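J.: The primary structure of each chain is shown beneath.
Protein chains: 4
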Amino acid sequence: MINVGVLGATGAVGQRFVELLADHPWFNLTTLAASERSAGKPYGDVVNWRLETPFPEKIAKIKVKNITPSAMKDVDLVFSALPAEIALDVENKFADAGIAVCSNASSHRMEPTVPLVVPEVNPEHLGLIDVQRDAGRDGFIVTNPNCSTIMMVTALAPLRKFKFTDIRVATMQAISGAGFAGVAAMAIYDNVIPYIGKEEEKMESETLKIMGTLKGKKIANAPFRVSASCHRVPVIDGHTMAVWVDIKESVETVEKAYLDYKPPIKGLPTQPKESVHLFTDEPDRPQPRLDRMRGRGMTVSVGRIRPGLRFVAMGHNTIRGAAGASVLNAELIVKKKYL
Amino acid sequence: MINVGVLGATGAVGQRFVELLADHPWFNLTTLAASERSAGKPYGDVVNWRLETPFPEKIAKIKVKNITPSAMKDVDLVFSALPAEIALDVENKFADAGIAVCSNASSHRMEPTVPLVVPEVNPEHLGLIDVQRDAGRDGFIVTNPNCSTIMMVTALAPLRKFKFTDIRVATMQAISGAGFAGVAAMAIYDNVIPYIGKEEEKMESETLKIMGTLKGKKIANAPFRVSASCHRVPVIDGHTMAVWVDIKESVETVEKAYLDYKPPIKGLPTQPKESVHLFTDEPDRPQPRLDRMRGRGMTVSVGRIRPGLRFVAMGHNTIRGAAGASVLNAELIVKKKYL
Amino acid sequence: MINVGVLGATGAVGQRFVELLADHPWFNLTTLAASERSAGKPYGDVVNWRLETPFPEKIAKIKVKNITPSAMKDVDLVFSALPAEIALDVENKFADAGIAVCSNASSHRMEPTVPLVVPEVNPEHLGLIDVQRDAGRDGFIVTNPNCSTIMMVTALAPLRKFKFTDIRVATMQAISGAGFAGVAAMAIYDNVIPYIGKEEEKMESETLKIMGTLKGKKIANAPFRVSASCHRVPVIDGHTMAVWVDIKESVETVEKAYLDYKPPIKGLPTQPKESVHLFTDEPDRPQPRLDRMRGRGMTVSVGRIRPGLRFVAMGHNTIRGAAGASVLNAELIVKKKYL
Amino acid sequence: MINVGVLGATGAVGQRFVELLADHPWFNLTTLAASERSAGKPYGDVVNWRLETPFPEKIAKIKVKNITPSAMKDVDLVFSALPAEIALDVENKFADAGIAVCSNASSHRMEPTVPLVVPEVNPEHLGLIDVQRDAGRDGFIVTNPNCSTIMMVTALAPLRKFKFTDIRVATMQAISGAGFAGVAAMAIYDNVIPYIGKEEEKMESETLKIMGTLKGKKIANAPFRVSASCHRVPVIDGHTMAVWVDIKESVETVEKAYLDYKPPIKGLPTQPKESVHLFTDEPDRPQPRLDRMRGRGMTVSVGRIRPGLRFVAMGHNTIRGAAGASVLNAELIVKKKYL
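Residue numbers (the working numbering), protein chains in the order written: chain Y, 2 to 340; chain X, 2 to 340; chain H, 2 to 340; chain C, 2 to 340.
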């Protein structure tokens, strides 16, 4: 068992980390860190638990710590649910202090020596950890992509054997993606908001890095064009997206690629039985309310493969698209013996 | 004043017709027709008025008629809000009986001699009325497109001066598009349904006809490729759509085209001051709840023009996209002296 | 293990029965019955699974049967999720054929010899089974109350030691209470419907029977006045209700009664650890989205106890309020050795 | 024409004031005041217009002022949409400076010399203005009640001829009542929040003052007991409430009282044709989405009168329940020649 901590443990993604780690077979959740306002108090007293699963009582008494490496000396790995503006600096400090950081924040994602990883898509990018270590760092930082990007690249993974260079994606994203208080009810109820700050840029740049190739000490970006249009819809959890990709093969061939697909890794505890679930006979699936909890929230669902080539992808944005993604990365790190 | 009637006056689109015609300056709403169950009873007794505007009391006492030409001898024009499976036959009978039919149903839209018209886009297609008359019919049928198609072609109209052939569109459509009882609350609440039967096919075929060219007695389809992905979202009224079109001009040039745009017709009572409203400074608009009633529900709003070329379009699906579209066509028919 | 079947297995409550019985420790779900349209086909082919839990694949192949006792000879007990208009007759036939019927339908609830039972409230009413048997029936019928009534009587159970006779209740009920297609999205979205047919009457009459006393072969109604006002709100699952009851004791005394409460039965597999959960420190709880799955959907949550005496109660209407209630009754029947 | 201003003109209620005053026949909206951040800039530049009606362009250029009497010397009356914590002090300053204040804030409502008025219920309470003036003030303050209280007392007004002393009310309140950003989407979507801070206390105390009697220079509270239970539901606009009142008369007698009802004032521009609309034949009305705009948002709708005596009342919380209430009070002040 590896001792782990969560940075930013009281927020929306932080609570998902706690939920996923409370009974983890490889990780022992010993430390919860949050803002100074909460530090020193029992987690159960300061967290306003907003998940639909019961609060894990056994960690209610853990005293919340400050977000500093010195306060968290017993942990070997931290999960970061920090806001981007804080994460940049703080995560560097933890990595410098010899701690492995699995971050859901966007701050370090595009740094050349930081792996931006989805285990089913580019596990070999963990090789950049060595580059960080070679540069003299004791710990390291590994990031997972933006929630929308994760759904798309996971859905594209089985299609890599086909040739394509042009991707269009229109997203219909859930309100939980903005955190508990991020979207006012008056703003989104009976409405669509056709704009999410920096989301399109993230989908367009992160996808090229993730689907790129590790050559020596560098990632060569994938030679794609990605054009995204991102929208918020009145859904609690689950990002849905309509994707076009310029694959010339038939629908049958593409469906077969999904059905035959074997992810490049297996045996991680948080990994679902199916990384990608394909709907072939139900024309109206996937749907976020009915399908987001597939694979305990870790399966990306794909359906409506039509000529064009068009399909619909959907996954749980705060599990597969955030906390679960980081936990899966941490498991990969352990399996690949970087820790 | 021209005496008009509404076929299918008690349903969702039928009620919108009644709302728009109750005080119309050119049309005198004398006749309301509905299924046999309602025939013979006062409209106010049989309609379950579900619009947010007050019920127009002055027509409450009008006795509902059967949907037959013989029951509606005093009208020169009927608006059809009939379901497609009934409309095919019934609308033919009315046209054969010498009555002008402005139909919102899909049944006749793709017939070669039936105009499929959006006044701001292809008013000259009304020329097909003469083709119908030459074939010996006393009346005629004019149709308006599917609600999603209307928003898209109206938003594309100012861009016709640019060269383009490839259109991708992902829609986020309102529940009212399926009628009052068309979507169960359990199906759409906290959900997205990524499928609307035949909607993609309609957007793909109707667009080519509308943006095509009347040559002699025939429409030559526009040389486009349209690829649509249609989705239902939890919004009451207002279809939003993300559009890609392969225009090479800059965002500024395209925005100027919208700002300079003058529709090819003017002076129709139901026509809004702006057929297309462009948002340039608000990155999060248009939004259905805030913008659907612009121009009394007849303006299509466009925003977020970005390189790609990408934009977002939105309009009120049961006003601009259905009843209002038919009424506008009827006004065009009168102005062009086909009646 | 007792072989059991479900009548009306494809509907909203029927699917909940299947979900609860698929892995039941005492019951072996062998038989699924539905309308003639489905009979003879595998359950997995005819059911349109709408629950958020995964479909229990192991029963996908079970062939659906007709709803007749002769088609279900291997079962000793059936759960009825039939609509009221069918249930009256069909349930009698099953009981006459020697089968125990646990019904969620309203048809037989108010019959003098049929127990209307919530195990935590009036388990002794099962004594009426003997009255049914004495009248010559081989099987018997046991019913559970209407979903709203269940929440209220379960919340009132810990208060029986206080004197009260006047109950007012205003409900805010979920859309799932009307079945999958029972409420149109256009009817309830951004809305409250202040009327649910026969719901107030059910709450007012059923409560008196459940909280009444079995004397000899008859139930003497509780000497209460219940006045209900029932409303539908845009919530998927979970009925919330504001209750006034003329108890003179202090809030502290009443809270203590909840905290000290021990239900009159224990050891039933579907019974939650807490029949009633009391919120004392969170002024804004219970909330349906956050609290409906407490006790796997079987716990009724109570909060906001204020002078008056006023409180708020909430529970999952299709689990605790329907299928789970029937299963709990069946478990009580087994434990009390009526089967 | 009387020159008027709005304090707090950019918020939710402030925007409603602007909407109602832009074309008012008696009031000339000359001044808009808001926080220092906005002061000095054109209103059109600083307001984020969130209403569904078009922004009144003619006031877009008005420069926003600071919220001080000296900045607003040309106005005789101000409408206050200030938050309660600011309103107490600021409104006193305006009244001291000789300006009439019509306030929607709660700060002064319960002060003995400040009228708390709904024109259809207690117009004679304006007599307290003289008490304020006798105390040496040049201007005066008049308040309107909390949004929920307004709906209830307006619905009770026609029943005053009957004897009653016990009122129970359970509310289902709209999210707009908390302002644009007051309720997070994650908090209320698919949910009911059974708590609104201080709302129950306001309904219980304000009702007694409004329905009390002005004797000399004081209000004698009405001899009622009011017991409220307040809940937030996922509705944009429109507060619905279930009311019990211990009237012994029959439903028919009570319905006749509503139908015969004549409010004690008439001829105010913002007053609707019907202060209270009674539904007698539609068992499922009033509903917020369908009925909130009745009387341009100023009519309170009542329905489902049943023995008990029970009924349902509903009205638009930011029009009748806030800005419209203040404007109506100002009109009453003018008509009664206090200005």
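Be a bit skeptical, because a hint or two may be false.
No copy is singled out in the list; a pair is fine if it fits within one copy or between any two copies.
[To be verified] Mimicking BS3-like on lysine-lysine, the simulated pairs with C-alpha atoms at most 27 Å apart in a straight line are:
| hint | residue 1 | residue 2 |
| --- | --- | --- |
| 1 | Lys249 | Lys336 |
| 2 | Lys164 | Lys249 |
| 3 | Lys59 | Lys263 |
| 4 | Lys337 | Lys274 |
| 5 | Lys94 | Lys59 |
| 6 | Lys257 | Lys337 |
Worth flagging that the hints you see were computed from the coordinates, not collected in a lab. Keep in mind it's a predicted model, so treat the numbers as computed, not measured.
J.: Compare the structure with each hint and give your call.
T.: To see whether the hints hold, each was checked on the structure:
| no. | hint | verdict |
| --- | --- | --- |
| 1 | Lys249 <-> Lys336 | neither (37 Å within a copy, 48 Å between copies) |
| 2 | Lys164 <-> Lys249 | both (8 Å within a copy, 25 Å between copies) |
| 3 | Lys59 <-> Lys263 | between (37 Å within a copy, 25 Å between copies) |
| 4 | Lys337 <-> Lys274 | within (20 Å within a copy, 42 Å between copies) |
| 5 | Lys94 <-> Lys59 | neither (29 Å within a copy, 51 Å between copies) |
| 6 | Lys257 <-> Lys337 | neither (30 Å within a copy, 55 Å between copies) |
Checked against the numbered hints given earlier, this structure breaks hints 1, 5, 6; the rest are met.
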